[in-house]
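Q: Here are the chains, one letter per residue:
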Amino acid sequence: MTNLISSKKRLLEIRDLTVDFRTDEGLVRAVDRINLKVDQGEIMGLVGESGSGKSVSAKSIMRLMPSNAIIQQPSRIQLNHEGKDTNVLALQGRDLRLVRGNAVSMIFQEPMASFAPAIRISDQIIQTMQIHLGYDKALARKKGIELFERVGITDPETRFDQYVFELSGGMRQRAMIAMALSTKPKLLIADEPTTALDVTIQAQVLDLMLELREQYGMAMLFITHDLGVVSKIADNVTVMRKGKVVEEGGADDVLFSPKHAYTKRLLDALPHLNDLPLPPKTKPDPLVSIKDLSISYTMSGSTRKTEQFVAVKNISLDLPQGQIIGLVGESGSGKTSLGKALLGASPISNGTVKYHNTEKPIEFGSTKKYKRSRLAKVAQIVFQDPYSSLNPRMTVRDIIAEPLEAMKLTRNREETDQRVIEIAKLCHIDVSHLRRFPHAFSGGQRQRISIARALVCKPKFIVADESVAALDVSIQAEILNLLKELREQLGITILFISHDLSVIANLCDWVCVMKSGELVEQGTVREIFLAPQRDYTQKLIASIPLLEQRKEKNPLEVVRLGKSSDKIPAMSQSIAMKCAI
Amino acid sequence: MIRILTRPFTAILRRKKKKTQADDAYYTAGQMALIKARFKSKTSGVVAAWILFSLVMLGFFAPFFAPNDPTIRGANVEYRRGAPQVVYFWDENGFSLRPFTYSYHKEKATLDLSSLGGDLAALDALTSGNALTSSSQNKFITDPDQRRYLQFFFKGWEYQLIDFTVLDYEFNLKWDRHFFGVEQGQIHLLGTDEDGKDVLSRTLHAIWVTISIAIVALIVKLLVSLLVGGVSGYFGGKVDAVMMSITEAVRVIPSIPIYLACAVALSELELDATQRYFAIAVVIGALDFATLGRRLRTHILTERNQDYVLAAQLCGSSTWRIIWRHLVPSFSSYIIVDTLINFPYVILAETSLSFLGLGLTEPVNSLGVLLQKAQDPDIQQNMMWQFYPVVLFVALIMAFVFVGDALRDSADPYSEK
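Taken in sequence, the protein lines are chains D and R. Following the working numbering, the residues of the first sequence are numbered contiguously, the last one being 581. Following the working numbering, the residues of the second sequence are numbered contiguously, the last one being 998.
Okay, chain D solo, but in the shape it has when bound:
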């Protein structure tokens, strides 16, 4: 405890941090005696799932705890600022500004929620600089625009004066980084900054952060649950689980020779590119055929003329039976519209959807109508958000029994109950949980309930619309295994819509790639991931954060993503490394 700052130029040291929260059920321990060290100029990756306590630890560095949080003894957080050792937990009043924006700065997961929506970005950044650095308005503005240019926002003068809702997702995150950097902090805490972004934008933002680290010599505490991202950017890694530090060490040690079972489980969730399933000998018959499908939404503006936004442009597709088909695309590519159109929940303006091998033929499109009950027995959907897709006022049993009761598929209550119990067992839902309400369940359990509801009327086809996007990595793995099990046991066809390529690689047999409403490429999973043909697909595959081993131990080396022509060699190199381990 005497000399915490050693010759390695330690910037931040957390020792025995313990945080409790006062709740209805008593004291809940969120963080349990963790130790963390960040040196100057180093990037520390803090990995953990939701509930692991990583965000709480980061916020306690900046003393941003909610009112019912108690930091217990003997926690210590020491920050080395300008040669002096400061005890962060003892700061009071104005001195708190040191850790709130001055020496320590933070960027959050959701950039839209981090800026005030009704104030221009320029005002917010200028105010930050005025408070912490004492600049006057003109100087602050000049520095702000320089920062915008530095973080890669095109046309910085115009963008600087805009409101936050006028920027796209990636640009908002860059603006957030600019604001965090404006006070020249020594430590930048990044709390899941790229989780809400598309894969290609994520790659660019990570690039940017590495460049900035090199330029400013800034240390970073990078919080994430994605180990691929950590391998790209971090020098040291700490893995947290349920408030405790489970494993820590250099990035290469933790990621390539993990010791703890939990770390191994997290690593397992990354795409196994050397383990992709072989395609079946004969391509199976199509279950669903889409022909020349176009979906357009009418946008009603204030003028009489209604514009049409075309979400899906003339797609023809055949979905093979009995397989898990992945539909990949970035946000705005039209994949959700296409998925919903297969169930008749999107406005089809052109083309037809046809289901084969059903009792009564189902074909519908812009002109042909269909009967809802007929379609509902064949195709069902599992939604993305586990929290809003279950009616909070119905019990789980009622939720799962809804299709049976609405379409009167069973004769009496006992039969309904029997079917519900059968499906619940199939989806690994505890029978005693059927009496409970959705508020008692976690996200992963709720998705199981959604899946059970979709399965109870024995459909042939399920659309899973980003069903695992809102879940943690280890829970994702459980749900994906469940889907594979269902395919084996029931022989259903699943259309899995996602923007997350690692999930698709672990799950699907057949992959379709969409961009801006058009079908770019489709093929077996091996073809798409190992030998993509089109440019866009190649760019997409190359942006997946895979495990990359650092070539040298020098932490200041920047690992850059090359241009698209370099993609295939980079891919095979990483695969070779993975295979060699």
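What the hints contain is simulated information worked out from the structure, not anything from laboratory work. Think of the CB as a built atom: it goes at the ideal place given N, C-alpha and C, for glycine as much as any other residue. Each hint should be verified, as a subset may be incorrect.
[Unchecked claim] Example chain R residues on the side facing chain D (calculated, C-beta under 10 angstroms, incomplete):
1. Val833
2. Ile834
3. Val890
4. Ser899
5. His907
[Said to hold, decoys possible] If you want the footprint, here are the derived chain D segments under chain R, 3+ residues with CB under 8 angstroms:
6. 209-220
7. 402-416
Given the coordinates of chain D, work out where chain R should sit on it, guided by the hints.
A: Coordinates of chain R only, in the frame set by chain D:
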């Protein structure tokens, strides 16, 4: 030795078992149960709820608790404008376990006619005005030697418990027991008014009349709001725009002039007291649908786009099933809380109307009518006991407000503990 070692384990096991029972109750709790549990932890709400409950019970069983008939039939002609009769347990004559009160006799009124000076006109004015029956002429002297003992479950005036006719079959249940009374004469714990009617009895009956008007008004308001909010929320578009414009127009009009207009319109019709009473209730309810209707419409507009409604549609549910099974329960708790919070406002509306003389009038017993007496300077100076209904009225309103507040906090998922 072994028992000492195992004792902490058994204690932990027992504690765990209790905890899982509590857990189970939490997980299987529906929405109303959760709200109730949170409500019970707020002391102000629970205390106010008990007060409210006792007041409502007093009002509902008013004939049982009231020793006298509140109508003119039960008026005590010998004790007009009388002061409250105090109940004693002990006086200089000795201690008595049974509570008692004194008997009284009227003081002989003395008229100083000599001051008139033989002027016939002045005598005429004296006899035709209120002077002879005014409060100064009605003084009562209590007689401490003559006690009247209180009796419980006293047999007094007859009242009807249940009275309805079904298919020419009349079912009429009368009873005549009361909570307490005296052997000779009548007891007036809160005094009497100018006609001799007992203030306590009138007040208790008035509580129930006021609450029943509020209930009718709130039911009407609820139905109109559900209709307006439900239709515009579910259909949206032009229907929504038109209905909301009408709602805003109605909301903008200030309430008292509207009630004035309705009161004038009602007086044109030939209505007896009960019909007038219901008409007032319906008018108050029907004109107040704006706030609740708009809230319901917003709620339905948002809930309609939720994933679970789409999921229900894709499961093959009909429109009616979605409305009834999915949408309506989502705002049922809001409706209950909102209704309870609006009770005091409706009571105030009825009271202000009657206070102004536009709603119910004498001889109906309602809190507004009783409060109307406060306008009379004679009563303000000489018969202060007629202000007791004010105390009860304030207590009732405050109880509703506290209960409504606590209930709203318990039903709100975002409020902190």
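Q: Now tell me, hint by hint, if it's right for this structure.
A: Hint-by-hint comparison with the structure:
no., hint, in the structure
1, Val833, "violated (25 angstroms)"
2, Ile834, "violated (30 angstroms)"
3, Val890, "holds (8 angstroms)"
4, Ser899, "holds (7 angstroms)"
5, His907, "holds (6 angstroms)"
6, 209-220, "violated (count 0)"
7, 402-416, "holds (count 4)"
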